[in-house]
Amino acid sequence: VQLQASGGGLVQPGGSLRLSCAASGSIFSNHMGWYRQVPGKKRDLVATISSGGDTYYADSVKGRFTISRDNAKSTVYLQMNSLKPDDTAVYYCSRRTPAGFEYWGQGTEVTVSS
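Residues in the sequence shown are numbered consecutively from 25, following the working numbering.
Hints should not be assumed to be uniformly reliable.
No more than 27 Å apart at the CA atoms, straight line, and that leaves these computed lysine-lysine pairs for DSS-like [as the list claims (entries may be wrong)]:
#1 Lys108 - Lys65
#2 Lys108 - Lys66
#3 Lys65 - Lys86
#4 Lys86 - Lys66
#5 Lys108 - Lys86
Since the hints were derived computationally from the structure, they do not count as laboratory data.
Quick caveat: nothing in here was measured; it's all calculated off a predicted structure.
Using the sequences and the accompanying hints, generate a full structural model.
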């Protein structure tokens, strides 16, 4: 099981980025999520999307970030708008199967700075 995250980079405050997470195999029945981590701190939940399309967002990103999924492409996206310096982190995608197994991809780094 592999998850390949991409799309990170350097962006100015107020800018946008779109992260992608490509999974091996079907994600049709999987619960997918994005997390982020700053060095020295714990990994925090950013957003999740269920197999049925229900979404959840951390308060800090509500109204600015949008999680979506394309089951045909086995890919999950995180559209990030109105980025702030506090959004700077390494972003990780996760995948949880119906049996409860959870898998993580390698991170993609997002830096918000002028």
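Here is what the structure says about each hint:
| no. | hint | in the structure |
| --- | --- | --- |
| 1 | Lys108 - Lys65 | 18 Å, holds |
| 2 | Lys108 - Lys66 | 19 Å, holds |
| 3 | Lys65 - Lys86 | 21 Å, holds |
| 4 | Lys86 - Lys66 | 20 Å, holds |
| 5 | Lys108 - Lys86 | 13 Å, holds |
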